[in-house]
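Here are the chains, one letter per residue:
There are 2 protein chains.
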Amino acid sequence: MSQNPALKIAFAPGVRVLIPFLYAGWSDRVLTPSEVHTLRERVAQLSFLTKPDKQQLLLWSNPAIPPTRDLFKFWEISCQEVAAQLPPDQQTLLAVGLALAASETPRQHWMSAQDRASLQALETDLGQLNVATFRNLFNPPPAAIFEEEARRASFRVTEMQTLLDGRMANVKAKTLTILQDPEFQLRHIPIKEDHREQVLKWCQLLARQGMGSLSFPSAYGGQDDLSAYAAVFETLGYHDLSLCIKFGVQFGLWGGSVFNLGTAKHHEKYLPATGTLDLPGCFAMTETGHGSNVRALETTATYDPDTGEFIVHSPREEAGKEYIGNALHSRVASVFAQLIVGEENHGVHALVVPLRDTFGELLPGIRVQDNGYKLGLNGVDNGRIWFNHVRVPRENLLDRFGQVAANGTYSSPIENPSRRFFTMLGTLVGGRVCVPRAGLSATKKALDIAIRYGAKRRQFSPTATSPETPILDYPSHQRRLLPLVAKAYAVQFGLDHLADRYFARTDDTMREIETLAAGMKAYATWFTTAAIQECREACGGKGYLTENQFAALKADTEIFTTFEGDNTVLMQLVAKGLLTDYQQAFHEDGNMAIMRMLGERISTVVTEQNPFTIRNTEASHLRSAEFQLSAFQFRERRLLFSLAQRLRGHIKNGESAYQAGLICQTHMLALAEAFVERVTLEAMHTAIQQQRDKSTFPILEQLRALYALHTIEQHAAWYLEQDYLANVKSKAIRRQIDQLCSQLRPEALALVEAFGIPDALLAAPIAL
Amino acid sequence: MSQNPALKIAFAPGVRVLIPFLYAGWSDRVLTPSEVHTLRERVAQLSFLTKPDKQQLLLWSNPAIPPTRDLFKFWEISCQEVAAQLPPDQQTLLAVGLALAASETPRQHWMSAQDRASLQALETDLGQLNVATFRNLFNPPPAAIFEEEARRASFRVTEMQTLLDGRMANVKAKTLTILQDPEFQLRHIPIKEDHREQVLKWCQLLARQGMGSLSFPSAYGGQDDLSAYAAVFETLGYHDLSLCIKFGVQFGLWGGSVFNLGTAKHHEKYLPATGTLDLPGCFAMTETGHGSNVRALETTATYDPDTGEFIVHSPREEAGKEYIGNALHSRVASVFAQLIVGEENHGVHALVVPLRDTFGELLPGIRVQDNGYKLGLNGVDNGRIWFNHVRVPRENLLDRFGQVAANGTYSSPIENPSRRFFTMLGTLVGGRVCVPRAGLSATKKALDIAIRYGAKRRQFSPTATSPETPILDYPSHQRRLLPLVAKAYAVQFGLDHLADRYFARTDDTMREIETLAAGMKAYATWFTTAAIQECREACGGKGYLTENQFAALKADTEIFTTFEGDNTVLMQLVAKGLLTDYQQAFHEDGNMAIMRMLGERISTVVTEQNPFTIRNTEASHLRSAEFQLSAFQFRERRLLFSLAQRLRGHIKNGESAYQAGLICQTHMLALAEAFVERVTLEAMHTAIQQQRDKSTFPILEQLRALYALHTIEQHAAWYLEQDYLANVKSKAIRRQIDQLCSQLRPEALALVEAFGIPDALLAAPIAL
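Listed in order, the protein sequences are those of chains A and Y. First residue of the first sequence: 102, per the working numbering; consecutive thereafter. First residue of the second sequence: 102, per the working numbering; consecutive thereafter.
Isolated chain A, as found in the complex (with noise of 0.2 Å):
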């Protein structure tokens, strides 16, 4: 029975059993004359046909009027509906024309078998007119419902994918390939060590192409590129994820400790044969008793100046290493511990310790004990770590700033513990900007099989004869992905901007970018989180299978919000680094900066808080980068500004500093939060800006706009309590992210094909 009785109401069976043919006559959207001669001369002959079946059919085959897009998709979809219920050797023109007509009763009996032959030999002359389009005439496959998407987009995909790369674009393309190798085919392993095995002969396969030793220097084997590293790592967000933290650990956080915190002789000795992987190493630096308050870490490397060596030891069960991936097979560990020389305790420091010997057995006084299962990340071997006075030689101290003399003295380039401290978590900024960008290919994977997923599943239709509606095409469901698609495009923008300003970084620069690289990170990984929740839920049931990749998708970059710094606590270290800013702005500029900034607030009342503005609804204001731009800055500024105040007032009140900032820690994280998206929305607009392809252009200026609208639209409240928006402003800017999704949703398949992910790594059958 056809699905689609709206037919046999619309048009006479005898048209309807050649629809077929004129849907596979115009289905590349030209009747070449040929067509139109084979066309008409068999239809004038079809003895079946009335008058008016004929005068349609001439209609329908004029090459000047090709069918409204409508009744071509209408065509399309009735021929296709039809087609699926015939074994596919069966499914000829002449078959699905009959099966449209009389789609009640399968076997017909009124044509003569003339007019049968007549058909016949029409559909093979239109065949041999058109063989590459006949392949998939009534079972397109769902890449073509894609591509033609894909092709139908208002601009180049390839234009906008070059853009997306970015200087990178070889390293991800050659990452990619090797990604694609059949021995890198993903799959589900349910059992960790089984999982834990393949993932670390994915990194060796990775380490055997160089690919490890990238950012070190070329004098141990590497590329002086960390940049590359990073895109690397990056590109391995499209991949198993377990792989990519496993890569990470190995030569980002063991590696990179060696390197930042190391000097030459801990380089030679170590960074070779760690970036082959030869030498597997872990990054002991959280407890159990201590994650985020780094430190107040228990473990202590003791200076014993009798033998030269430091006794490394955790006081208590709690003061263990915690959560440290690579921990079941690494040979060497850089543990950060309380540094005790004499009677003084130097603060935290980073020393190699041996833990396995070459055999794999552990040392004496090691103590490793697995993590078991994870929610997620289930291939990497996370343990907890104990030491029961471990001596090592006095050489493996990773002394760049800070160092012990053979006779016990200590000594560093920096003076200040405090300053030296945060010198040395410093080298922990380069994965927090990583790990966003890692988290971000997931979410692009996750919205890539979301929106392909709504362009092919067709759910309810208008009227109960006419096809269902492809559930992309629902409102509601534009307003689920499309506002995910535009900000994934402008977090892009924002972690590219963070990561050009980190690898071009100084030591003026570097406080700065730490505050940058915190918030980035909070927002983009709450962001992936957010993301792929919401487009499993658009993917129904089919989401929740694992073979569709949700389920790893959502289970690893779950963590991601908590390692490399917990989000939250990142979000309130940048709300004190802008603090510290404007209170030195104050501190240095005096009365000027009072003047400043209330002449920057009169203006803001003159030019955005007028009584004009504030209720302007005009569409080609809301959707401008100025009216935006503005609107971010202000919300910014404003909350930096009264949660000084707020401060200030507590501390007067005779409140500590710490208690007054904990009054104010939600105002904190709001603050913290309003930085990151005006840094991601003015670094998304001067990309655009410097964008030279025009066929992008106008899509990206509406992504920004779909951006920065949504985020609007979410701390409404808030611009409405501050008068900068009336509350007609505020609904037009919800009836404009409307229009935007509506919009954008014929440019969406186009959107995500951008991202440039290779089927074999979106391996979800739902979107295949």
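Since the hints were derived computationally from the structure, they do not count as laboratory data. Hints may contain errors.
Identical chains blur together in the list; that is why a pair holds if it fits in one copy or across any two.
[What the hints assert, rightly or not] Pairs of lysine-lysine residues, derived as DSBU-like cross-links and limited to a Cα-Cα distance of at most 30 Å, are as follows:
id, residue 1, residue 2
1, Lys-832, Lys-677
2, Lys-753, Lys-174
3, Lys-174, Lys-677
4, Lys-832, Lys-753
These numbers were taken from a predicted model, which means no experiment stands behind them.
Position chain Y relative to chain A; hints supplied.
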């Protein structure tokens, strides 16, 4: 080394030695006369104390002046930290005192042997006076922290639990007792086949306890008690959710379809063996091609009058049954198919189709395929099922709402096919009543774990020298978790209200209950997903370990937003239901309805939207049930009115009703949410008013206020746009939420203890 150098600064070494003794003396908050006497006598003899030392100790041993809470806490934390570094058998008061006195150099010899002996005697005396508190003086097990916090709460936990457990307290308690049996010990089982075996076994154990047939008529081994069945199902939400779902599929869906759609002959034939799980069955409704759109299912059941059989057939691959729980273990299925008799399609009906013989071998014409690994619920055997012209006897039609006579005459007690379809679908409502309750159990478990961890876990300290702060004392952490606790209470009252109505349903109330069930299901399960996510993040890396339960809780409940009706689709049903009622009211009452509506609007403007009320920031007003209920009711009423207006406008402009609905889809979702929130708040308010226990009343009022204000805050932009709140009031609401969070902080442990989840089911090491 002590973590706590503040002590060194605050008190002389001599005093520090005595701190553990004072802490021990005061540990039960009382210094008895004997304790005063022995303390003062010994102190007087000690030679190492200076005069000021002795004065200080005299003061501290004054029974009339107990130490302040802060001072006592300070003693406690200092002692515990030092003690933690001593082996358990050496944690004497004296050893701890010595360590406190001279933390930088562990071994001190400045104390005379005589003083030492005096102190040892003092320790013995105090220990004899107070044996119980001595046991866990320095290392209170976390349970003691939890108990202590719960004890200090302003209300009686048992009374609160009684309120939450409701009428079914006995059934819940019985279920919990069974689930604490060692046979039911929770564990992570990575291989799906093993997990399914375990879950099947558990299910059989429950069936043996008579829990599977509770809802069936007593004639067939049951107890006619649907609410008892629902209570068991809800309680299983604390255990492995695969068990909960498997249980629901077997007894609720398969058994329920036989009971609700079948007639006596079916009950007799299937229910007894279903209740004992001797006849495993499944509920085969969803197809790959059609999930939400049940009406368009493609499986056919064609009547063959020659043999008196139905031929059940899947016409194409996509028409196969999809995601069917219990598919791999079932011997029978209730299959939903288009019922075709003669030339006529009577729409979707259910019939019993045998799948396997008694040996578990598939019957001819049946194809089953494992759905493979899923994001969660891997203990449930979901599969796909296809039928190839499978013949079943006419009696297998579940014929309560549609019969086929032997001669092929179709008849039904419900004339209207659409009403018949929805009546049959009404059997799904039971699932929608139950599923969110199990989801809420999972949410409560997550909140219990997260709140306990927040009370126990310390990180960062106000100054370098003071003890670290429990993370639940941070306002940002309170803001994260406490509104969720309040919402868990609110949702429970909402679900109780739904269940009460459902169990007392009549034909007249059924449509309304269906709307309510759809809405509550969506609202509660979305809450479950969001809340468990937040709890995981609030527990950091520890929350990511499988042993701490969030992995399973998150993964397993994730699909609750999709199954038993996709939430987005359900919310649209809700909106449509509300619109129908609204239009009906207009239709019936005509102009009177319009007058009433206008009257309501005018009255709202006068009473709620007047310049004074919209600026009223008084705490008593904001916290009042009156304001909160009015605000919720206003939102629902306003959204309904404006949606109706808007739809009418679009239809006037020539859009089809379908198209108009599409345009207003997001508006419809907002209305549905407003409706559910209003019902939830009203249900909570009513339950509180009816609560007899005085001790819980104030806290319930605070929870209601937090839920209500937090919800209003989430919609603040809308309220501001509607001029229902002025900006001062919106800001004041935010402040009230902060205050409520901080007020509820000391009650937090007691609030989650009242959920009554036994430790064996909590099962998370971080919470024990």
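Structure-based check of each hint:
1. In the homo-oligomer, the alpha carbons of Lys-832 and Lys-677 lie at most 30 Å apart only across protomers (23 Å), although the nearest pairing inside one protomer, at 34 Å, exceeds that limit.
2. In the homo-oligomer, the alpha carbons of Lys-753 and Lys-174 lie at most 30 Å apart only across protomers (27 Å), although the nearest pairing inside one protomer, at 71 Å, exceeds that limit.
3. With identical chains, the CA atoms of Lys-174 and Lys-677 are at most 30 Å apart between copies only, with a shortest distance of 29 Å across copies and 57 Å within one.
4. Within a single copy, Lys-832 and Lys-753 get their C-alpha atoms only as close as 41 Å, which misses the 30 Å cut-off; across copies the closest is 23 Å, which meets it.
The structure fails none of the hints (numbered hints given earlier).
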